[in-house]
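Mind docking chain B on chain A? Use the hints.
The primary structure of each chain is shown beneath.
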Amino acid sequence: MRTTRYAASLAALGLMLAACGGSEAGNQAEDAADSNVEVQEEVDFEAGTTMAELAEAGSMTVGTKFDQPGFGLLNPNTETPEGFDVEIAKLIAAELGIAPEDIEWTETVSANREPFLQNGQVDMVVATYTINDARKELIDFAGPYYEAGQDIMVAAGNPEGIEGPEDLAGKNVCSVEGSTPAQNIRDNYPEATLTLFDVYSKCADALANGQVDAVTTDNVILTGLVAGSDGAFELVGNPFTEEPYGIGVPKGDDEFRAFINDTLEEAYESGAWADAWDRTAGAISGQEAPEPPAVDRY
Amino acid sequence: MQFLADNFDLLWDAFLTTLSLSLLAGLLALVLGTLLAAARVSPIPPLRGLASFYVETFRNTPLTVVFFFLIFGLPQIDFILGFYTGAVLSLGLYTAAFVCEAVRSGINSVSTGQAEASRAIGLTFGQSLREVVLPQAFRTVVPPLGNVFIAMVKNSSIAAGFATSELSSLLPRLVNADAGQLTAVLLGVVIAYMIITLPLAFGVHRLERRVAILR
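These protein sequence lines are chains A and B, in that order.
Using our numbering, you'd call the opening residue of the first sequence number 11 and step up by one each time.
Using our numbering, you'd call the opening residue of the second sequence number 35 and step up by one each time.
Worth flagging that the hints you see were computed from the coordinates, not collected in a lab.
Mixed in with the good hints there might be a few duds.
[Stated by the list, open to error] So the derived list for chain A, only partly shown, Cβ under 8 Å to chain B, looks like this:
| hint | residue |
| --- | --- |
| 1 | 205 |
| 2 | 207 |
| 3 | 221 |
C-beta: ideal position from N, C-alpha, C; glycine also.
Next up, chain B with everything else stripped away, as it sits in the complex:
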């Protein structure tokens, strides 16, 4: 444990990197995922097709390949992203596909009568989605969205292999400094991840109870 205390600065920096990476990617995924879900239920066929194409592409591609594409593929057509930006985009674009599917399942759980009623009183598609359908949809998808975001925090460890010095990149670094401390380093990194994921899980649980709809 002394070893971890000696390297607290490194742990703290790496923790902040993982945290900021998760927050930015999570925000991107939430916004883009919701827009995609709206597109997938929209009345415009090309929009539906495009959103389905996006979801099927990203959901069925290993995250490492997405990272490879953004970090090493794009520069070959002279489009160079910073390594951190590349990591945020990879993680966010990938997770958006899962957010989309979770939100869409929520939208489908809202009875069609609600959408029909809101259209009948003259709301546009966008208005009925914003004012009537999505608020109810989000309430039902809090637990699956929580799962998606917890998985995303752990997925952020892939950025270690792509030049972002986040928590799991500390493993090889500190083990090289002192191989005898392997167990302590592993433990420290796991605890640091839990400091992000456990409150996230707890918050999701609280939110779920607060917004639950009594049907």
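The shape of chain A in the complex, shown without the other chains:
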């Protein structure tokens, strides 16, 4: 009697879990891990700089996202993240003489990027990190190394006929609480009804269930979700903001920032930047590497 009771409970739980299996975020391109950055053998930096310290230590800690297909997604088999942000971080580390396997990856989410830099828990943050003035008060940005834009994802066939943010009026649009795209909708498109979860994968589930009409955030994130949806979703493809992604460094470390900017410009010229794109985000979206944005040495 007792055994049957527990067995029945377990069966009920099994049903629940089966019902919850929604859309998984897009799978990472298989060759993403095959990084071919050339690690500098001999490095020489002025004593006392961050670069000298890191080169001396032979390792560094990088904060990145672990849940963003194409930019930073944890590979459960290797337990390291993969994506465009990760490749950019590897390029910078290589210039410091640090091999990819000597980078320690720390997961950063939107809410903890500044504290991690301020407390010295990470040496730099490459995590789909939009450059803005409020953040510059607390930390400094190298780059931008990529320019994203807020876009909209809808169910396949676009049944609601949403072509841009103006069409969201009266519609139920999903995003993540505490994200800049969500705040943008609140501030500039108040007639849209916002549904806010803690992660984008729940927005994808809600869109698949018809609980929301659209999902909005940076196009690069949506591209990953569309790629993982087996044709259930499509991108409107009409970016309506500019989100320059920068590399966060501790406030006031201008030498390190200048060094990263130099490294980025070299990677633009050598083709390493475009190559990193093709192997990661480009492999998922099928898009050619765009023109890299000009580095902003403020």
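Just chain B now, with coordinates in the frame of chain A:
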């Protein structure tokens, strides 16, 4: 602190959401939990079995999974709840299992002689439970019920991950607005929770002394 004052409207709205969510879910849990406890001690075997099944299912399932099931699972069989309704139901159904067990322990603390005596004078099972057993049972379970409800208020923070803009959903929102105010925001949210839980704890303590049975 200035930052919190500037965002007082947001804090107030979120506070009211947490409060209403807790009150509605708490009411559901109290009523359903008591009915379940009655079912678990009833003389009808199928009723007992059903109630035990309910309690073991909900008590042994993580609350996040209950939320997932109600908010994302049910729509797949075309049964769509509003997000707020889903949160009230998830929290209430889950907490009911704990209320049931607390009340049942109270029922067990009432000596069987009382139940036998009330049946002997001709009361039905329902009457003896309502008039004799439950009034005494509730008196003994005030402190554990208080624990269950305080835990429930804090558990309501899980609704933030399921599209209900309650207190803890303010953390990411306000931190995104100004990352430098992280500590102030944390403090503000904790204090707001305490405004609900501390009077609750105090009320439970008062109630406990007032209704205590001298044995």
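To see whether the hints hold, each was checked on the structure:
no. : hint : verdict
1   : 205  : holds (5 Å)
2   : 207  : holds (6 Å)
3   : 221  : holds (6 Å)
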